[in-house]
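Keeping their order, the protein sequence lines are chains Y and P. Read in our numbering, the first sequence has 19 at position 11, and its numbers run on one by one without any break. Read in our numbering, the second sequence has 34 at position 30, and its numbers run on one by one without any break.
Each hint should be verified, as a subset may be incorrect.
Facing chain Y, a subset of chain P residues (Cβ under 8 Å, in silico) [unchecked claim]:
1) 46
2) 86
3) 88
4) 105
Bear in mind the hints are in silico, worked out from the structure with no lab data behind them. All values derive from a computational prediction rather than experimental measurement. Beta carbons are placed, not taken as given, at the ideal position from N, Cα and C, and that holds for glycine.
This is what each chain is made of:
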Amino acid sequence: EAGVAQSPRYKIIEKRQSVAFWCNPISGHATLYWYQQILGQGPKLLIQFQNNGVVDDSQLPKDRFSAERLKGVDSTLKIQPAKLEDSAVYLCASSYTNTGELFFGEGSRLTVL
Amino acid sequence: QQPVQSPQAVILREGEDAVINCSSSKALYSVHWYRQKHGEAPVFLMILLKGGEQKGHEKISASFNEKKQQSSLYLTASQLSYSGTYFCGTEISGGGADGLTFGKGTHLIIQP
C-alpha cells in the first residue's frame with residue numbers, strides 16, 4: 009500500500025515570497041491533516057479536512073496560510089507571504105476515520121531566509 | 005492546551021526499562037503515542053481511550069489514568085531500535101472533532 013506522498017521535500021525561499029506544498033493521502037482515507045513541526049517541538053495541527061470540508065482550522069494563520077482539498081483527495085497548503093518563523097517541516101497525515109491512527113508523510117522542509 | 009511530557013530526555017543502556025509520561029490539564033477522550041526517528045515521519049504506536057485501559061505492543065505498553073488525565077508509555081528491555089523522539093497526542097472532544105494536540109516530545113537514546 010502506498011503511503012502519504014508529499015512534495016517538495018525541501019524548499020528554500022526568501023521572506024515575503026510564497027510557497028506551496030502538495031499532499032496525496034493514502035487511497036480511501038477520508039481525513040487529511042496538515043501539521044507544522046518546528047525544530048525540537050511536537051507537530052502542531054494547522055488544519056483538518058474531512059473529505060472536502062474543513063473540520064478544524066482554528067490554528068491556521070489565515071492572513072498568510074491557506075489550504076484546500078479538491079475532490080476530497082489531494083491537498084495543497086500555501087503560504088503567502090512567508091515569514092522567518094514559518095521555517096519548519098510541514099507534515100501531511102491521513103487517516104481512514106477521524107478517530108484512528110494517523111499515517112504521516114515524510115514532510116516538506118521549509119527554510120525561510 | 006498542549007500536554008506536558010516528562011522527562012524531556014532519557015539515555016539508557018540496551019536492555020534497560022523506561023517510562024515516559026504525558027499529562028493534561030483538561031479531561032481527555034483519548035491519548036495517542038507516536039515515535040519519530042531523526043529526519044523521518046512520526047510512526048503510530050498505539051491509541052488509548054478513556055476508561056483506564058492498558059495496551060501492549062511487543063515490549064512497549066501504555067496506560068491511561070482517566071482520573072489523573074495522565075498516560076504513561078512503558079518500554080521494557082529497550083532495544084537500539086527504540087531510539088527516537090516519543091510524542092503523545094491528546095484528543096479532548098472525541099469523534100475526531102478537534103484533531104490531536106501533541107506534546108513537545110521525549111528524546112530517548114539507547115546505547116549499546
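Verification of the hints:
no.: 1; hint: 46; in the structure: 5 Å, holds
no.: 2; hint: 86; in the structure: 19 Å, violated
no.: 3; hint: 88; in the structure: 13 Å, violated
no.: 4; hint: 105; in the structure: 7 Å, holds
When each numbered hint is compared with the structure, violations occur for hints 2 and 3.
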